[in-house]
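Protein chains in written order, with numbering that gives the first Met the number 0: chain A, 0 to 449; chain B, 0 to 233.
Treat the hints as calculated values from the structure; they're not laboratory data.
Be aware that a few hints might be false.
As the list claims (entries may be wrong) - Ranges of calculated distance between the beta carbons of each label pair, as one might list FRET restraints:
{"#": "1", "chain 1": "A", "residue 1": "R445", "chain 2": "B", "residue 2": "G53", "range": "38 to 46 Å"}
{"#": "2", "chain 1": "B", "residue 1": "D176", "chain 2": "A", "residue 2": "V393", "range": "42 to 50 Å"}
{"#": "3", "chain 1": "A", "residue 1": "F377", "chain 2": "B", "residue 2": "P150", "range": "52 to 60 Å"}
{"#": "4", "chain 1": "B", "residue 1": "A96", "chain 2": "A", "residue 2": "V381", "range": "56 to 64 Å"}
{"#": "5", "chain 1": "A", "residue 1": "L426", "chain 2": "B", "residue 2": "G53", "range": "43 to 51 Å"}
{"#": "6", "chain 1": "B", "residue 1": "D17", "chain 2": "A", "residue 2": "A429", "range": "33 to 41 Å"}
{"#": "7", "chain 1": "A", "residue 1": "A338", "chain 2": "B", "residue 2": "P33", "range": "55 to 63 Å"}
{"#": "8", "chain 1": "B", "residue 1": "N6", "chain 2": "A", "residue 2": "S295", "range": "42 to 50 Å"}
Stated by the list, open to error - Short derived list, chain A residues pointing at chain B, Cβ under 7 Å:
{"#": "9", "residue": "W2"}
{"#": "10", "residue": "L11"}
{"#": "11", "residue": "R12"}
{"#": "12", "residue": "R13"}
{"#": "13", "residue": "Q17"}
{"#": "14", "residue": "A19"}
{"#": "15", "residue": "K142"}
{"#": "16", "residue": "E283"}
{"#": "17", "residue": "P287"}
{"#": "18", "residue": "R291"}
{"#": "19", "residue": "S295"}
For glycine and all other residues, C-beta sits at the position ideal for the given N, C-alpha and C.
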Amino acid sequence: MRWLLLKDLQILRRSPLQAALLVVYPVLIAILVGLAVSRGPEKPRVAFLNEVPENSRISLSGKRLPSANVQERICEKVECVQVHSREEAVAKVESGDVLAALVLPEDLINKINSLSTLSPGTPKVEVLVNESDPLKAGQVDDKISALLAQANLAIAKRIAVEGSKYLNLVIRGGELPVLGSQIHILGLEASAHILEAIEPAVPRGPLRVALSQVTEFANQAGQNLDIAGPLIKRLAQPIEVHKVAVGGSSPPLETFAIAVAATLTLAFVTVLLVAGSLALEREENAYPRLTRGLVSCEALLGEKVLLGTVVGLVVTILMMAGLTIFTPIEWSRFGLWLAAIVVGGAALATAGAALGAVAREVRAVSLLAFMVTLPVAFLSLVPAGAVGKGLFDVIKVITALFPFKPALEAITAGLDPSGGALGGPLLHLAILIVAYAILARVGLRRFARV
Amino acid sequence: MRARGLNKRFGERQALKDVGFEAAAGELVAVIGPNGAGKTTLLSILAGIQAADGGEVETGAGAVGWVPQQAALYRRLTVEENLLLFARLEKLPDPRASVEEMLALTGLGERRGEIVARLSGGNQQRINIAIGLMARPSVLLLDEPSVGLDPRQRARLWEFVSGLAGRGTTVIFSTHDIQEAERYGNRMLVLADGEALFDGSAEELREAVRGEAAEAADRDFETAFVAYLHHRGH
């Protein structure tokens, strides 16, 4: 077997272009996919025109509330491009320089302030979008709706906080600033205490009964309004999200990206190399000569799987070492992810051998290997919930039949403890190794000697 | 080598029908016949590449060397690397000495370091044959060995093969070239549609034709051979 392995390495060395393509192409794809997976979408560029006068503030009962920092909040979520006129905003949207424009009109704060008056207006903001691209239009609708919901929430929270302060003043009393001077508010609790103190001094009779009723009311109102304070605050955000992780924890995005990049590299190198190398034995007419007593068919398959696993391992580790430039890798878990790469590589190599067994031309088998590996790899990255349940069940079956997904799960688990258990994917890969080895053997028997 | 009652079927087509023959040590047996006669199938069964559906093959002591019609070697390796690989796979006691011997035999010593893909078809065929001889077989099976060779290379090949037979190697070769079969074969096995129609010397075949088409028997051997097939409905 070692002489065949040496021969394959010599052939690989003699084909520098193919060898380079075999290594460079998957590594490039892996890095691109890794970067795409590890980075969230870029912030959309939105033109922002704020025509609200600088010193305008939302007022409540004549009191100016502190700024809710709406602009800062919006610009955290999108890349704000400040514009100075509506025309400039329109031009930027039309040219595609920005995805949309958000215009806060001059009378926005006045309209908001009018909500607490007898003639309330309707505060409006203007959103300019370019509807020529339906995909972008949908994206803008979602993004702007989310931004405005956040802005409304921020304002509502601020109003609720101020409302609660006033309610507190009514209950407990205190100082109320009015037109530059302070007015003392007695408060329901203090009123009740005073009335309770006066009550014994009032002669028994209808007056005392009436006083007792007023005292009772002051006490009840104080107690009940005390409950109203938290209620007002809750009104601003009645539903709160409580996130509970079930079904296992997930590894950090960077770790997952490394695992994806490593598995892609491993898959392409091993599947293409093994399938191509096995097809080459037939393309060179060497297969019958080898298997008529020099090498058993099983030994030849074993040699190809070993070749794929070793070359795949070396390329994947080099690629991962290169990735450490971008993101750190847990080298203390080297043994675990090495085991995952070796077993994953062996399973992918065996799958490559099964593909290589059915075709006698290197070009045909290379195309076949691409046609199988690429879609399976992408299907393996489809998360649960991204597609309908029925379709996802089909995807689960397809991806379970090819070693890419279990190899990805094993490498993820090897890289990070939160990536799940390593045993399950390794067992899955071991089963696939046996299944594909049988398929490869049957394929060679069926096709190779024809 | 002895074959008895060999049968082989590919789907509906009967590739070999009850074919049998014997070849003694040092004999050169030419297997001839039209396209699709079953020549390659017979040789691949004798070589153990394919299993027969029925019948048996007996080989004496010693290995059976096989040289396929299309060169079975690695075109991206050098001449020497190819020979060394197969010498090692044959588990020869001294692979490098065997390589030197084969390089001398094929006359490719000076081109040992060349990539096989850059060699002519004739030179590739010489390496192909050298690999088949590597284990010093007692029986050598050659499937259309002279295809693609120029006359000079062809003459050299047969000189080489005749030398092997002279040293006691049984050589069984298939060919389309009837003149070549007459010239180098001690005996010939005529196959047509999977059936063995004739087993004997060139003179015996001419004699068989003489009774059926006298004018063809006295012309060149190819004409006699075509007449022989024609009279048997092929």
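Hints, verified against the model:
no.	hint	result
1	A:R445 <-> B:G53: 38 to 46 Å	violated, 21 Å
2	B:D176 <-> A:V393: 42 to 50 Å	violated, 59 Å
3	A:F377 <-> B:P150: 52 to 60 Å	holds, 58 Å
4	B:A96 <-> A:V381: 56 to 64 Å	holds, 60 Å
5	A:L426 <-> B:G53: 43 to 51 Å	holds, 45 Å
6	B:D17 <-> A:A429: 33 to 41 Å	violated, 49 Å
7	A:A338 <-> B:P33: 55 to 63 Å	holds, 60 Å
8	B:N6 <-> A:S295: 42 to 50 Å	violated, 27 Å
9	W2	holds, 5 Å
10	L11	violated, 9 Å
11	R12	violated, 9 Å
12	R13	holds, 4 Å
13	Q17	violated, 10 Å
14	A19	violated, 15 Å
15	K142	violated, 56 Å
16	E283	holds, 6 Å
17	P287	holds, 5 Å
18	R291	holds, 5 Å
19	S295	violated, 12 Å
The structure shown violates the earlier hints numbered 1, 2, 6, 8, 10, 11, 13, 14, 15, 19.
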